[in-house]
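> The lines below spell out each chain.
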Amino acid sequence: MFLNIYLCMLTVVIATSASSLTNRLELPHPREVVSPDVQALLDGLSTQKWQELVSSGLDSINRQKRLEENLLSSEITVRNGSLSHVQLLDTLPNRASNEDSEIALKILKSSLFVYNTQCLPHDIGGEECRAYLENKPLPEGSGLRSECLKLLKSKREGHHAFRRLLDAHYKNGFYETFTEDRLPAPWSISVALYEADNIQKAKQARDHADVNLNLGIAQWAQFVEHDLSKPVSQSMSNGSPIECCNRDQNKLQPRHNHPACAPIVSQASGRYGRANCLNYVRSALAVADCNFGGAEQLNQATGYLDLSQLYGFTPAAERKMRTFVRGNLKSTSNGAHLNDLLPMTSDTDDKGHSFCAWGASANATCFAAGDSRVNSNPYSILVYTIFMRNHNRLAAELMERYPSWSDEKLFQSAKAVNVDIYRRVIMREWLPEVLGSQLATEVLATHQPSSRQSTPEISNEFGVAASRFYFSMLPNELHNLAKNDDDNYVRNTVTPTAPTDLFVLKDQIYRPRIQYTAKKLDQILHSVLNQRALKMDSSYAGGVVWHENTKPGHADILAFDIQRGRDHGLQPYCKYLEVCSQIGPVTGWSDFEKFIPRNALDKMKNIYSSWTEVDLIVGGIAERTVNGTVGATFGCILSEQFAKVHQRHLQEPALPPWSASLLEDYRYMNGSKLLCLNSELRATPQNIFQLPSASNQLIDCDNVV
Amino acid sequence: MTRLGLVAIQLLLLIWSCLGALSQAKSLIDYRVDNENAIAKDVETYNFESCQIYCYGELLKTIQMAKLFEDSKTFVDMKLKQAPAKTLEDFELLMESKNRTPSREDLQKFVDDYFSPKGTELELWTPTDWTANPSFLDRITDPDLKQWGQELNNIWKDLGRKMNDDVLKNPEYYSIIPVPNPVIIPGGRFIEFYYWDSYWIIRGLLHSEMQDTARGMIENFMSIVQRIGFIPNGGRVYYWGRSQPPLLTGMVKSYVDFTNDDLFAINALEVLEHEFEYFVNNHSVQVKGHNLAVYRDSSTGPRPESYREDVETAENFDTPEAKEDHYSELKSAAESGMDFSSRWFINENGTNVGNLSHLRTRSIVPVDLNSFLYWNAKLIAEFHAKAGNVDKMTEYEKKAQTLLQGIQDVLWNEEAGCWLDYDMINEKPRDYFVPTNLAPLFVKAYNISDTEKISASVLSYIEKNKLDTFPGGVPNTLYHTGEQWDFPNVWAPMQYIVVEGLANLNTPAAKELSKKWALRWVKSNFKAYTDNFHMYEKYNAEEFGGHGGGGEYGVQTGFGWSNGVIIEWLSKHGRELSEGSGGGGAGTTKRLISVVGVAAVTIVALIAGRVLWKSWFK
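Quick note, the sequences are listed as chains V and X, same order.
Per the UniProt record's numbering, the first sequence starts with residue 1, numbered consecutively.
Per the UniProt record's numbering, the second sequence starts with residue 1, numbered consecutively.
To be clear, the hints were calculated from the coordinates, so they are not data collected in a lab.
Careful, some of the hints might be misleading.
Stated by the list, open to error - Residues from chain X that face chain V, not an exhaustive set, calculated with beta carbons under 7 Å:
1) E89
2) D90
3) F91
4) Y479
5) G482
6) F487
7) G554
Even for Gly, the Cβ is constructed at its ideal location relative to N, Cα and C.
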């Protein structure tokens, strides 16, 4: 204990002294040091011993297959239509990810054998042991090494390990999470932070009437998340999904626990109470290099904005989305371009249930796109649809201008323009709303890195914590802000007294129940632009958390994010506060006061027994917002990430050679024009992320060409 | 104070001997008849009145199938508020009034009305012979390990239990089996005494100089044998029809070794013989012309304490007979102590791949059981020798030799170089590693003249199975099925049998490995203890200091047999566990040094500033 605090303080000293050396978009990353004694001891192991340790790791993984066979024969796997199915779609791995994860797991298991047989018995701590192993190549001539090298040389379908802003934080330094005996259970944190919807509403009306953000900010935040970050679940070695709860949403018998299970469970209450259970499968791992080392999580997404969520993350996925005629993307066509909907899964040969969590009802609506998360909710369906329409609109325009172009050339050109428009909306319109204009400007001022630097991937902290801020901004219902009798939305900037709801969020998650028509999407778009976003804070709408002690009817996003943060080995909130805010070492709750409002802080004190325990997501969402939408710490993590994303945009244009001038032709496009041209809205606000107002005037779509 | 305590104990014993006599009078069976086969486990002798509530019947079935409690054992450990007959009567009325399909709420109400919470029959009890500084502590050099030894000694006070007076007055209201003396329980969900656990608990007690408590527990078991002829799995009436690996005679031997109280062994002989005969008669099979024993249960129905779980696995079977057979296999596996394990799986292809529906416990001749029976016969002969009963001594020596012959002919496998369980269905040895394959070493069930050969062959068996590669101990099997007596779980009693067995071989190589494994086990348990201040029921072979998992219930802490084994090995190896053996408790100082090292490097780094930073960032 003493040791930990001591080391923690050291890190703080290092961190703070380093931060002055760098600009605020580059965070210092102190690393654990290996003592000469430890170095000598581990260097002394023979090659044969290293081989032996690797083979122990492999044996261990092979033994797990027996368990997996038993689980499958007992039908312990994700059932279609279940809550776990919903969650699986959020974290659905593809085959290449499974293969990568399997090799990474072999390396991890081998490393754990080193730790358990060579480090621990000699009192070498996990962090130091890992630091040594991270520089220790897998033994020459071992099968694992060649398997690993082969993988690194392959294209890996574009996925990579998440980057870490700070060192991994695991109980054993490698992979073991801090569990309920050390930290409050994720679900109980979520329940304790919950506020009844009417209280939330009252608070919102009282405190945040000045906030002018509309729901577009949250909608696009999710779209960006889908593009940049996709942690996926581990699978069984035959690819079957892992289930960690029984069919009554209670705990499984221990005999049925897959080693990758870390279910989110509630406390049983009363004599006859049972602990409720929500599935959580630990995230797939990625090979970082062919050295031993700790767990690194896999990101099944590229580290820059490329609309892969729409076009598909792999060439194979992209082929599924294309018509191969006139450069178009597939769609469910209803005549005019503006009536097109996303293609149905049946149009893309999706055999499984990899897009919607419908059970037996195979005929239900289910849209297809490049990412399993398209049907996450109506907001996502809408924004995916806009970009699909925009692509096809561009392709049509281009074909008119260049009738000789092939399908391929049309497709690639339309895609390049579409991505370019999207990047500009994100970086120049959305980001300033999220970060504040000053920080966003700094992000865009980042220079192209020198070519020797490795390409910066998405950070773990961004992927599983900071990018998730938008969930607390989503309301339970989207009101219908259109007048019932006409579709002349333009004049309807005042909320009708008794709005009807377009949908209730919790009913729509991965189950598109709305009768989707072009008109319905226009209604949703209109309402998104005109409904105020909830403020980012630690109370989530009841539709995305499960705050009752009854059998859960839907997931709990916050509990899930807390669990995932721990799974990924994120450091606690205070560590990020230290490096981000440069306030010097955090030494107590009082250091949080500058950043977190008193009532939120009081709640946290009741939940956590120490300020050192507060999870990053919990501290991050609780922070007072500065300038933009998020607080200091999330602002720091987001800006760090977007600076890297921006660098990659500069570094890797990856465009067809002929398209440079094309992009110029479309420089006039912006968010409001994008929405105008791809919907039947009469008008959109100039700033599509803010409510229309005197300072955010409407633009007449008829004038946009 | 102590004298008063002694008087009280004597009084209690007096009362108990009277009670014992009474119960014997009620259920007297003559177990010393000439025809041995006349001795059969007879439910009539098992006349616990509360069995009609807790062992079988519609009430048990209905409540357990309603999944009222997270752990099925909870219900059968609850106390009755009314007499069994009245409870059953009123339950029948409830069933009739609810058209025989009462709701969950109806059943909850019934349980609330007719049962009180579990565990009330056993009161916390501080052993009267407990001492703060038993002398084994003096044999531990390392201060941290010594401190740990002290804390393990303290845990005996947490695990001591005494039955309250009401159990004696109204035993029919309880599922607990009344016994005269207080006990040490394993801990966790195991809130009553268990049969084979007690062997290692008693050894730990003896090392902790708690001879009275140890003797009391042995006498409890003897009183049970006198009443019902065998020792059930644990101290609950619902363990009817199943015993556990027979180690009562071994307990008596341990007690005598520590106390030199030969008379105790001699006086116990009648009971020990009875248990032995009863066990042999109810578990005997013919294999290759030899009489050997298998684990075999003689009750009906699912395990009362895991009723619903058993009914669910029985869904794999169609007929009532097949289901009943399945229940028997489950309970027989429970009798083996290894519930559950691929050790007891036989599938259609004759391998151990499968799940609980492949349990064929009764068709597998186990190495450990036959070794234990051999040991019982040897020890009974030894005690008879002490008593000067030459005839009896010869008789039991003969029984031992017969068993030994069977073990050699049927269970020893020249090809594998070890003893192996034998599959009677496919008539072949089961070449799967289980620590019990080495049980003959523990009880010396082999020809001493073959020691060198056996040592070489067993060590190469260990090498072949890579048993030395696991940082957390020798796993129970090499098959990761999810069952708790399979990979990667490691169990203290099995470490003990293997380590002591190798030590018995007394060849240099075997002794070296034995000590290495003993020290490693102690250090690994110490690591686990320092992390959470728990002793676990089971540990994890793949982790130095990690605990086990899998099976039917979560990992338990406490824990009787784990404590017993550690106390014995701290006592035995305490001086070697100090310096030079790398780690263990000796690490504290080293740890401090490494912190200073890190600090020094950091300071240098801070001074060096930029240049060093770059290399740190990679």
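> Against this structure, judge whether each hint is valid.
Now for the hints, and whether the structure bears them out:
1. Violation of the interface hint for E89 of chain X is found here, the shortest Cβ-Cβ separation to chain V being roughly 24 Å, above the 7 Å cut-off.
2. Here the hint on D90 of chain X is broken, as its CB sits about 20 Å from the closest CB of chain V, past 7 Å.
3. Because the closest C-beta pair between F91 of chain X and chain V is about 18 Å apart, greater than 7 Å, the hint is violated.
4. Given hint, Y479 of chain X at the interface with chain V, holds; its Cβ is 6 Å from that chain's nearest Cβ, closer than 7 Å.
5. The interface hint given for G482 of chain X is met, as the beta carbon of that residue sits about 4 Å from the closest beta carbon of chain V, less than 7 Å.
6. Annotation: F487 of chain X was flagged as interfacial toward chain V, and the flag holds, the nearest CB pair being 6 Å apart, inside 7 Å.
7. Because the closest C-beta pair between G554 of chain X and chain V is about 6 Å apart, less than 7 Å, the hint holds.
In summary, the numbered hints that this structure violates are 1, 2 and 3.
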